[in-house]
Amino acid sequence: MVVLRRIPVHWLLLAPALFFVAAMALFPLGYSFLLSFREWKLARSVTPGDWVGLENYWYLLTDDPDFLEAVKVTSVFVVSNVGVTLLVALGAALLLHRAGRINTFARVLLILPFVMSPALVGISFRFFLNGEYGIVHHLIGLAFPSMVNTIWLADSTLSMVAVIAADVWHWAPYMTLVMLGGLASIPKETEEAARVDGASAWAVFRDVTLPQLLPVISVVLVLKTVFALKAFDIIYTLSNGGPGRSTQTLAYFVYETAFNYYNMGYAAAAAYILTAVLLVTSGFYLRLVFKK
Amino acid sequence: MTASLSTAAMPGYQASAGERTVNWVRQLAVMVLIGAILLPIAWIFLTAFKTPRDVYSISSALWFTPTFENMLTVFREPWNLGSKVVNSLAVAGGTVLLAMPMATMAAYAFSRFDFRFKQTIFLIVIASQFIPAAVVVLPYFLMFKEAGMLDTRTALVLVNLSIVLPYAVWMIKGFIDAVPMEIEESAMVDGAPRSRVIWEIVVPTALPGIITAAVFSFTLTWNEFLFALIIGKQHALTLPIGLIGFRTERGDLWELMAAGGVLITAPMFLISLLVQKQFVGSLTAGSVR
Amino acid sequence: MTVISLSHIDKSFGPVRIVKDLNLDIADQEFLVFLGPSGCGKTTTMRMVAGLEHPTLGEVAFDGKRMNEVPTQGRDVAMVFQNYGLYPHMSVAQNIAYPLKLRGVAPGERDRLVAKAAERVELGPFLKRMPRELSGGQRQRVALARSIVRTPRVFLMDEPLSNLDAKLRVLARAQIKHLAEDLKVTTIYVTHDQVEAMTLAHRVAVMKDGVIRQLGAPEDIYNDPADSFVAGFIGSPAMNLLPVEARGSMLQAAGGMQIRLPAPRDGELTLGARAEDMRLGNLDEAHFQADVFTFELLGDCTMATVMIGHTLVAIKAQKDLRLRSAERIGVCFDPQRLYWFDRATGARIRA
Numbered sequence: 001m002v003v004l005r006r007i008p009v010h011w012l013l014l015a016p017a018l019f020f021v022a023a024m025a026l027f028p029l030g031y032s033f034l035l036s037f038r039e040w041k042l043a044r045s046v047t048p049g050d051w052v053g054l055e056n057y058w059y060l061l062t063d064d065p066d067f068l069e070a071v072k073v074t075s076v077f078v079v080s081n082v083g084v085t086l087l088v089a090l091g092a093a094l095l096l097h098r099a100g101r102i103n104t105f106a107r108v109l110l111i112l113p114f115v116m117s118p119a120l121v122g123i124s125f126r127f128f129l130n131g132e133y134g135i136v137h138h139l140i141g142l143a144f145p146s147m148v149n150t151i152w153l154a155d156s157t158l159s160m161v162a163v164i165a166a167d168v169w170h171w172a173p174y175m176t177l178v179m180l181g182g183l184a185s186i187p188k189e190t191e192e193a194a195r196v197d198g199a200s201a202w203a204v205f206r207d208v209t210l211p212q213l214l215p216v217i218s219v220v221l222v223l224k225t226v227f228a229l230k231a232f233d234i235i236y237t238l239s240n241g242g243p244g245r246s247t248q249t250l251a252y253f254v255y256e257t258a259f260n261y262y263n264m265g266y267a268a269a270a271a272y273i274l275t276a277v278l279l280v281t282s283g284f285y286l287r288l289v290f291k292k
Numbered sequence: 001m002t003a004s005l006s007t008a009a010m011p012g013y014q015a016s017a018g019e020r021t022v023n024w025v026r027q028l029a030v031m032v033l034i035g036a037i038l039l040p041i042a043w044i045f046l047t048a049f050k051t052p053r054d055v056y057s058i059s060s061a062l063w064f065t066p067t068f069e070n071m072l073t074v075f076r077e078p079w080n081l082g083s084k085v086v087n088s089l090a091v092a093g094g095t096v097l098l099a100m101p102m103a104t105m106a107a108y109a110f111s112r113f114d115f116r117f118k119q120t121i122f123l124i125v126i127a128s129q130f131i132p133a134a135v136v137v138l139p140y141f142l143m144f145k146e147a148g149m150l151d152t153r154t155a156l157v158l159v160n161l162s163i164v165l166p167y168a169v170w171m172i173k174g175f176i177d178a179v180p181m182e183i184e185e186s187a188m189v190d191g192a193p194r195s196r197v198i199w200e201i202v203v204p205t206a207l208p209g210i211i212t213a214a215v216f217s218f219t220l221t222w223n224e225f226l227f228a229l230i231i232g233k234q235h236a237l238t239l240p241i242g243l244i245g246f247r248t249e250r251g252d253l254w255e256l257m258a259a260g261g262v263l264i265t266a267p268m269f270l271i272s273l274l275v276q277k278q279f280v281g282s283l284t285a286g287s288v289r
Numbered sequence: 001m002t003v004i005s006l007s008h009i010d011k012s013f014g015p016v017r018i019v020k021d022l023n024l025d026i027a028d029q030e031f032l033v034f035l036g037p038s039g040c041g042k043t044t045t046m047r048m049v050a051g052l053e054h055p056t057l058g059e060v061a062f063d064g065k066r067m068n069e070v071p072t073q074g075r076d077v078a079m080v081f082q083n084y085g086l087y088p089h090m091s092v093a094q095n096i097a098y099p100l101k102l103r104g105v106a107p108g109e110r111d112r113l114v115a116k117a118a119e120r121v122e123l124g125p126f127l128k129r130m131p132r133e134l135s136g137g138q139r140q141r142v143a144l145a146r147s148i149v150r151t152p153r154v155f156l157m158d159e160p161l162s163n164l165d166a167k168l169r170v171l172a173r174a175q176i177k178h179l180a181e182d183l184k185v186t187t188i189y190v191t192h193d194q195v196e197a198m199t200l201a202h203r204v205a206v207m208k209d210g211v212i213r214q215l216g217a218p219e220d221i222y223n224d225p226a227d228s229f230v231a232g233f234i235g236s237p238a239m240n241l242l243p244v245e246a247r248g249s250m251l252q253a254a255g256g257m258q259i260r261l262p263a264p265r266d267g268e269l270t271l272g273a274r275a276e277d278m279r280l281g282n283l284d285e286a287h288f289q290a291d292v293f294t295f296e297l298l299g300d301c302t303m304a305t306v307m308i309g310h311t312l313v314a315i316k317a318q319k320d321l322r323l324r325s326a327e328r329i330g331v332c333f334d335p336q337r338l339y340w341f342d343r344a345t346g347a348r349i350r351a
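Chains as they are written, first to last, in our numbering: chain A, 1 to 292; chain B, 1 to 289; chain C, 1 to 351.
The set of hints was computed from the structure by calculation and includes no laboratory data.
Keep in mind that the hints are not guaranteed to be accurate.
To be verified - Only pairs whose alpha carbons sit at most 25 Å apart, straight line, appear in this in silico DSS-like list of lysine-lysine:
1. B:K145 with A:K188
2. B:K233 with A:K41
3. B:K145 with A:K41
Only chain A is shown next, with the shape it has when bound in the complex:
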């Protein structure tokens, strides 16, 4: 205890959390990094195999059609997902940014999809889209008779649509809340002054509201990109990456390579490529938020 008095207080306070982050985040990161340079097929040996240098990465980037497919799928998924989420969140925020009991009620509901387990969301949507008794499948069949017999999860495009829809359902309401916060912080006077100057509602939005909303939109954009890149639970429970590999994002690819094919070193390399992309993206986010 006497020794403790010599150490500055702030290190003592930080120690538990720092130790944890080091042990459970930094250490595994380093381990994965090293592992990505080795070959290790778990089915064959219990310990990691030989060092193969950059072979894993090389193979991934040049010779593995599945990996490249995963990259393509991820790009499509992330871009569409983020785009739709942004539009929905912005639209919903503008819609709900008014007084009124219905609006207040709607705003209260916005937190609910977020606290639902993504796994459950995936399972639910899978249920809704079932060809025989899925409610969404049924309703869409009513609206678009040509789609009465389509099996959503057997079609690669529709599967992707389903996965994106599920993720948007899960996240867009929360992002709407963020946008609402952003809207609330815009001084009303700026919009009123534009009105007085003669601007139409659209012009007020375009010239006064939107520019002031830009920081929040940037945050939502980057944050959602990060979450979309990390997404796993929903894909696993909804489509299992299928049909085939049409909804297999990078995150899923890593999971499959490691825990279905037991190709550990290879999976680590793939995981690191994903991590690199994520760190770059999150770098943008941190710079936006900590612009000191």
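On the provided structure of chain A, position chains B and C as indicated by the hints.
Positioned in the frame of chain A, the structure of chains B and C alone reads:
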């Protein structure tokens, strides 16, 4: 929430025909939004109380005789959701109980002290939330395998702690920043050593924030899937994993899955609605400048 | 019985030097006021006495014992903060009792002392309330009560009246003065309001840019300022400070204005004269003539203002005097009550 440019509040105001149409469309849009959020939730809720026959046919979508059988079945063999509820509670509860003190101490240090590398260390702690599960799940698996801790609740708590800490530290730091330094200095002048200042003065004042962080952390852990999938096998299975157990070779047992879904989600809905105001406020605090 | 000594105190925050080689001894039971504009280092200096800041150089001593390494908790000082620093989650009674609780005073004795302190500041009926339910003046009294509930060796007050409205301020000022005399404790008081300094202090330390410009009793500061800054800071209205060029027996002011007044020496000087030491007189007898810029009815007097160059000069006149704007008037100085300062350094020139 401020109403922007709401003319509806002005007495004696007569809206033009065009404006009334717009308002009507707005109302419709809001209803659609509410529907989009509530319908999936409601549907799962309904399904939980349907017999298998009612589930598998559309005609009995809304008109059916409800049954509690599903809710009871999920607790029996071989699903044993009861044990999974216990596991989830233990893991989530354990994580929160460990995370809050750790995060509060760290947040206090970041908020009140200035030291070399502070910005860097803070960024590292915060940035660890961006590490994809995919890249650490393998080392975790091997680490716990080595330590003989696979399939234990302790392992899950440790993993969830690392997920939850960055968020908790960030949120709580925001709340501690808002506690005026004068209050702490008052306490020090009154004679309180630093530990009492933190415990008796700062923590009670920042308590709403700490509770919010606790609820958020509980939610994250309660819903956590990937690590539970990899690390749990027989003993340390949590509710989300219990859910996919209803996917059998014979087909998906939707009515049971829905019942499980209700079990796993209802508490989360209740908690989040209760702490709604602060939950939302601090979730957006970091994002909105 | 506490004497406070500050020797060669220097404090820098990074590259910025806030307090520069400050030396001061405060006698036992003395009420010392640090007076100055924001940023002059007065609050920082007091916080070093409290132990909330550490001097970069120099020594803080209580009764000759070095205090630099002693943490705040161990210094036995009491402090009233500008925003009061009340604990929001504790009632008034709990707030006041906290210092006693920390020292392990028994609950019964605690309640007695709390009641006594509360009585002293007339907070008796409010003991169960929470800080958020109180007005600004009431919160200030809670802070005061908390600081007197035990007998500290030093009392520190950081602009305690600045958040109160004018009327309340006068009342609270009197209460603090009364309290300080009653308790017989060495007190350090920080303010930018010179009226508070003049009415409360045994001695005033006027500070600017980290340096004490003058240290002395209020009358001495008022009647015998050491430089133009102190002269212009003390007194309400502020002393008229007129830049002039002295040549022989005449003064040249801005705008070609001639003032028939001899200066102690030639050159660029600043002439200081208080409004109450000047008067209006006949145009031929006057030291100078000017057009009325404005005049204000202040109730107990009329203040006539003239503009010389860019400087406004105020002259106090009888309360029933009425003037017209731009009317030409003659202004007279009292030769016994003139202050001369070197224009460049601001230092006082004593004839």
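Status of each hint after checking the structure:
1. B:K145 with A:K188: With Cα atoms ~58 Å apart, B:K145 and A:K188 exceed 25 Å; violated.
2. B:K233 with A:K41: Holds, at about 21 Å.
3. B:K145 with A:K41: At roughly 16 Å apart (the allowed maximum being 25 Å), A:K41 and B:K145 satisfy the hint.
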